[in-house]
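2 protein chains.
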Amino acid sequence: MVIRGDNNKLIAFGPKVREIRKLQGLSQEKLAELSDTDRSYMGRIERGEKNVTLTKMYQIADALEINIVKLFKVSEE
Amino acid sequence: MVIRGDNNKLIAFGPKVREIRKLQGLSQEKLAELSDTDRSYMGRIERGEKNVTLTKMYQIADALEINIVKLFKVSEE
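Chains as they are written, first to last, in our numbering: chain A, 1 to 77; chain B, 1 to 77.
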């Protein structure tokens with residue numbers, strides 16, 4: 001997949017959430033529940049379709065029990 | 001100042017932006033211009049009053065020419 005520019009950054013965030021969630025063996029439904037996120041909204045976040053807020057990013061990081069900066073690794077490497 | 005819990009995380013982000021901006025000798029007005037942000041909105045971001053989006057965070061990081069993860073350092077240390 002070719003991605004570039006600013007879209008790259010947004011597109012990278014969601015798949016990183018998905019990647020870490022799957023590594024932890026969590027279902028999308030469970031992560032949605034743990035992070036107080038609507039399940040369909042979580043799907044859109046993971047697909048890079050939503051411009052998430054700082055608060056939501058922290059809720060997701062906390063639910064995954066990771067440092068929030070790990071959610072930026074894909075786009076920074 | 002006593003800050004705690006989730007508020008800590010939101011409150012930490014804005015002052016980190018301000019800290020880095022000042023280290024670079026940029027005015028708030030200039031950073032607002034460079035990051036395509038309304039100046040009064042930039043003031044509220046720096047005061048930790050706004051729940052910024054991922055896109056806005058990248059605009060600010062790009063304007064400061066820093067890796068976005070540096071904007072999380074205060075809250076992670």
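Hints listed in this document are in silico derivations from the structure and should not be mistaken for laboratory results.
Bear in mind that the values here come from a model prediction, so they are computed numbers and not experimental data.
Honestly, I wouldn't trust all of these hints.
To be clear about the criterion: a stretch of chain A counts as covered by chain B if any three or more of its residues have a C-beta under 8 Å from a C-beta of chain B, and this derived list gives those stretches [said to hold, decoys possible]:
(1) 46-59
(2) 66-72
Once the Cα atoms are required to be at most 25 Å apart in a straight line, the calculated PhoX-like pairs of lysine-lysine come out as [claimed, not checked]:
(3) Lys73(A) x Lys56(A)
(4) Lys22(B) x Lys50(A)
(5) Lys73(A) x Lys30(B)
(6) Lys16(B) x Lys56(A)
(7) Lys22(A) x Lys73(A)
(8) Lys30(A) x Lys50(A)
(9) Lys70(B) x Lys70(A)
(10) Lys30(B) x Lys70(A)
(11) Lys56(B) x Lys16(B)
Backbone N, C-alpha and C define an ideal beta-carbon position, used for all residues, glycine too.
These are the hints, each one checked on the structure:
no.: 1; hint: 46-59; verdict: holds (count 7)
no.: 2; hint: 66-72; verdict: holds (count 4)
no.: 3; hint: Lys73(A) x Lys56(A); verdict: holds (17 Å)
no.: 4; hint: Lys22(B) x Lys50(A); verdict: violated (31 Å)
no.: 5; hint: Lys73(A) x Lys30(B); verdict: violated (28 Å)
no.: 6; hint: Lys16(B) x Lys56(A); verdict: holds (19 Å)
no.: 7; hint: Lys22(A) x Lys73(A); verdict: holds (16 Å)
no.: 8; hint: Lys30(A) x Lys50(A); verdict: holds (19 Å)
no.: 9; hint: Lys70(B) x Lys70(A); verdict: holds (12 Å)
no.: 10; hint: Lys30(B) x Lys70(A); verdict: violated (30 Å)
no.: 11; hint: Lys56(B) x Lys16(B); verdict: holds (15 Å)
Comparing the model with each earlier hint shows violations of hints 4, 5 and 10; every other hint is respected.
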